[in-house]
Amino acid sequence: MDDTARRSETSTQAAVQVQDVSMVFDGTPAVDAASFDLAHGRFLTILGPSGSGKTTLLRMIAGFQTPTAGEIFIKGTPVSTTPPHKRSIGMVFQKLALFPHMTAAENVAYPLKMRRFAPADIPGRVKRYLELVQLGPYADRRIHQLSGGQQQRVAIARALVFEPDLLLLDEPLAALDRKLREEMQLEFRRIQQELGVTTINVTHDQREALVVSDEVIVMDDGRIQQMASPTTTYGEPANRFVANFIGVTNFLPGEVIGAESGRARVRVAGHELEGRVAEPLAAGTQVDCALRAEHARILGEAEAVSFSADAVITESIFEGDRTVYSVVAQALGGAQIRVFDTLHAGAGNKGIGDAVRIGWDSRHLMVFPR
Amino acid sequence: MQGSNAGRADASPLTRARWRLTDAADTMLSALFPGRARRLTPYIFLIPAFLIVGVIVAGLFYIGDSSLRVLDRSTFLQSEDYSLENYVNIYERAGYRSVLFRTFSGTAIVTITVLLLSFPYAYLMVRTQSSFLRKFLLFNLFLPFFLGQVVRAYGWLIILGQEGLVNGILGQLGLANISVLYTNTAVLIGLIQYMLPFGVLMLAPALTAIDSDIEAASEGLGAKWYQTLWHVVLPLAKPGFVAATVVVFTITLTEFAIPAILGGGTNDYVANAIYDAFFRVSDMGAGSALGVVLIVIGTTLVSVLFALMGTGTVGFLKEDK
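If you read the protein sequences in the order shown, they are chains A and B.
Under the numbering used here, the first residue of the first sequence is numbered 1, with each subsequent residue one higher.
Under the numbering used here, the first residue of the second sequence is numbered 371, with each subsequent residue one higher.
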């Protein structure tokens, strides 16, 4: 307890601090000793597959669930036993949870009435926030008279109108179609930057995490796997899970045969490959070599790269901006490798069953212990 | 890719015979009952229900007719001529007036009490995290239905009687005995206990329809639990309250067994008075007139409720929420 108190004092800058927070349901930890600090005005996305504990973590921050261990600080104050209505948190729910028996304006006015804002100020404030989300003309519409995107905006306005310390987003965009979802992602980002409100967003959509966030936490199995900027998360994944969860990644199983600073030599099916490592690995360690599909290439006639091998195309999917090939390389132990061909260059008019030469630059190869 | 066609070819002779049978049945059906006639299907299925309701409506006409004929006490036959005498009698005789007043005031008390008691029960049943508690509450809800009304009324006799459970406990505590049995209070207690499951069953679907995140949202926006209840849960549960009101009101209004057994003959409801008129004094006219009065006032009250509050979950028409 003393230790906890001291740690909260040392970083008063943080808007949110999560310290060793766990949540155990029936003996199984849904969240296992999660810790992170989030500075004021930052946009954090917690990314993970379903069942990874990300929503449980968010609901503990909101106050709908009480951690079985650990403490959460908001602006330096411990809140884990504070009920939700006494926290200053705006939340947008997955299914929005708008009040269907009220108009858009009544929904936005609700937190102001409950939090005893001066009655004279309420109409003006409601109007301002409805305009912020571009819903000025729709103030008197009932919720069911609004489109999906407009309902999203009402939910955002309702969560922000009382100027909370923290905005929480619980996958509110998951149900929208792709185009609207991408539009709303940018809208969230615009509003967040305009108001400078500290935001925690939960999603299983990796693209959304990379597009909207200042920082990304990747969660799996109740544990935080990595917390970093979007570029670091994508470019330097901390472990095999993160490398696999974000992006399309090929894995080649092998064994470490030697290592020097930040790099390791790995034997894969008789070939010696070289890649970078996050942590030093001893010789003999069983590893997976990870290669992003966009870093694997189908080579032209005279092209030379640091590693190449013969392969046969087994699948070819045209996606407009790129073609996704699956190739099988017998030289690499029959490994199946996915290749993004963006420029339609190397493969030319190759199709299924054709022999090709694939390769990559070894600075793109990442080595993770299995 | 080739799965479905290969599957057809590989199907066993038995499977193929079954396909042929259903294909033949399908062909026959569409010959007998062409696609155009399918629009009539719902109406055709409606016929049995329509016939049954039709019998009741015909009975209503008969009751209406009979209520306008006066009993000739020398021949015990109904008069040939129509007159309003039976209705005038109901209005003028203090006995009938008090039965009507007791019935409607008792029904109002029962309906309001049942709504108040069944809301927390239904809410807990719908919202509890514990599946054991939910099953326990559901089981308790249905248990009384297996016992029947008369058995339950006798149960109350045992509990409320002079030498009953309540007086036994009061005696042990050195308190004075109470004599509740055969009073209007006993009837009300019996009716409330009888109607409570109906109230819960009507309210529960409306509460299930409220996403628990809506309540969480209200709390997160700064509402205390009673504010959430007042501003969010109760307004959204309105259809359930309308349904529960209509069901509890109409069933209680026509109750017979509980007033008869727990009222001890001195606390009759309209249904008991109707029974007496028909089977004790054989005055069909008076019984029919009482029946008509009950139907007219009951229907009017329910119609007014529907007009003011909507039909709730009883109605299927989509209302403009």
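Worth flagging that the hints you see were computed from the coordinates, not collected in a lab.
Hints are supplied without guarantee of correctness; some may be wrong.
[As the list claims (entries may be wrong)] For lysine-lysine, the following DSS-like pairs were computed, each having C-alpha atoms within a straight-line distance of at most 27 Å:
#	chain 1	residue 1	chain 2	residue 2
1	B	Lys594	A	Lys75
2	B	Lys505	A	Lys179
3	B	Lys608	A	Lys113
4	B	Lys608	A	Lys95
5	A	Lys113	A	Lys75
[What the hints assert, rightly or not] Pairwise CB distance ranges (calculated):
#	chain 1	residue 1	chain 2	residue 2	range
6	A	Arg115	B	Val427	52 to 60 Å
7	B	Tyr413	A	Arg115	54 to 62 Å
8	A	Gly51	B	Ile665	52 to 60 Å
9	B	Leu540	A	Thr68	42 to 50 Å
10	A	Glu163	B	Pro514	50 to 58 Å
Quantities reported herein were computed from a predicted structural model and do not represent experimental measurements.
All residues carry an ideal CB built from backbone N, CA and C; glycine is no exception.
Going down the list of hints, with the structure as the test:
The hinted pair formed by Lys594 (chain B) and Lys75 (chain A) meets the criterion: a straight-line CA distance of about 23 Å does not exceed 27 Å. At most 27 Å may separate the alpha-carbon atoms for a hinted pair to count; Lys505 (chain B) and Lys179 (chain A) exceed this at roughly 44 Å. With a CA separation close to 22 Å, the supplied pair Lys608 (chain B) and Lys113 (chain A) stays within the 27 Å bound. Proposed proximity of Lys608 (chain B) and Lys95 (chain A) is supported: the alpha carbons are some 22 Å apart, at most 27 Å.
Annotation: proposed proximity of Lys113 (chain A) to Lys75 (chain A) holds, straight-line Cα distance about 24 Å (limit 27 Å). With their beta carbons about 57 Å apart, Arg115 (chain A) and Val427 (chain B) fall inside the hinted range of 52 to 60 Å. Against the hinted window of 54 to 62 Å, the Cβ-Cβ separation of Tyr413 (chain B) and Arg115 (chain A) comes to about 55 Å, which satisfies the hint. For Gly51 (chain A) paired with Ile665 (chain B), a C-beta distance near 58 Å keeps the hint of 52 to 60 Å intact.
For the hinted restraint 42 to 50 Å between Leu540 (chain B) and Thr68 (chain A), the CB-CB distance of approximately 47 Å keeps it satisfied. Taking the beta carbon of each, Glu163 (chain A) and Pro514 (chain B) are about 53 Å apart, inside 50 to 58 Å as hinted.
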